[in-house]
Amino acid sequence: AQRVTQPEKLLSVFKGAPVELKCNYSYSGSPELFWYVQYSRQRLQLLLRHISRESIKGFTADLNKGETSFHLKKPFAQEEDSAMYYCALGPQSMEYGNKLVFGAGTILRVKS
Amino acid sequence: SAVISQKPSRDICQRGTSLTIQCQVDSQVTMMFWYRQQPGQSLTLIATANQGSEATYESGFVIDKFPISRPNLTFSTLTVSNMSPEDSSIYLCSAARQGTPYEQYFGPGTRLTVT
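Chains as they are written, first to last, in the working numbering: chain A, 19 to 130; chain B, 69 to 183.
In short, the hints are calculated from the structure, not lab data.
For clarity, every value in this text was computed on a predicted model and none was experimentally measured.
Check the hints yourself; a few may be wrong.
In the EDC-like style, the derived pairs of lysine to aspartate or glutamate whose C-alpha atoms are separated by at most 20 Å in a straight line are [to be verified]:
no., chain 1, residue 1, chain 2, residue 2
1, A, K117, B, D79
2, A, K33, A, E98
3, A, K75, B, E171
4, A, K117, B, E122
5, A, K83, A, E38
6, A, K117, B, E171
Not the full set, but computed from the structure, chain A residues with beta-carbon under 8 Å of chain B [to be verified]:
no., residue
7, K40
8, L62
9, Y104
Where a beta carbon is used, it is the ideal one built from N, C-alpha and C, also for glycine.
Isolated chain B, as found in the complex (with noise of 0.2 Å):
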């Protein structure tokens, strides 16, 4: 198994600021993803995080808005950018290892609120 640790936990955030969200895995795993999961909704795959190279998007998440990084096989930031209410949301990271790409191990989250 892996363990997934994010920070913070929760924040509170005024509109148009920007939040960056770190993930930590305990052990090296080859894929990492990122899901928002908005009140009383289902989880959404933002983008997957590769590692050394740009993110893969999702259809109705940008670059811009969701700048993700990845600078090696165990750590990965999302930033939520230019905030607005809509934002507000729970963000989840998890990561998977080589082969079982659907087994996937889940951060504790991050419960993000704009205000």
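Chain A extracted, bound-state conformation (with noise of 0.2 Å):
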């Protein structure tokens, strides 16, 4: 079965401080990772996705297949990037059909 887990609850860091909210998943096949996230007040929208490899908001993931991982980096952190962070898995398999698995979350507080 698919899985993905968000570690931390709660991540805290001042503005400036590098960032690294963490996903581990948990699947046989090879799936497409997703951020999504949500700022106070906000829907939830989608951030990025692995496999366009791009920056946004200067965030970016990579896909370790190895530690089947899917961290979520920015260098330096903004008061504008607390919310809650969602890691998402959609597995590339008919026998799932379309279902996107969201992890618990993790909200971001940066402090001034």
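Using the supplied hints, reconstruct the complex from the two chains, each of which is provided in its own coordinate frame.
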């Protein structure tokens, strides 16, 4: 079965400090991995996807198949990065349909 | 992108009653989904709303409890039937386009409290 683990419920850092939000997954196949973000009083939205290898708002995430991880990183945190971050897995298998599996989420608080 | 609206935004209901939540997308999308987010927990997929056919339910969710309709490409409803306090949750609608099922656009959610 697919599973996404985000070990930290809350991550608190100072402005300008590096950020790493951890995500590990369990899936026997070759998944698609995503990070979704929910800012205060806003709806959940896609932040980035591993297949596009992009940097969005200074965030990057690299899929490490050996460690089954997809950690989200940013070299210098900003106060506006404070939000709830969800790691999500999309299994590329007809067996699972189009089910997106979410981790429990990590609250990032950036302090000034 | 797609903009999704949900109605109602919140409601307080008595146990044993039913509530229908509406989800409207501003453009045609292929896939629509319904999620539940219980207090302090992550999102759990309830079902995929299929246009013109029965929804596809995930394990632990049944049609009698959560009937879903999708009469066209831009609209879907979720009914929470015979509610109990355990159904208190945020219910989210999302949509995705053909070929990118995991790149989902989410509605603002419906916060349901059952007393």
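In rising order, the numbers of the hints this structure does not comply with: 1, 7
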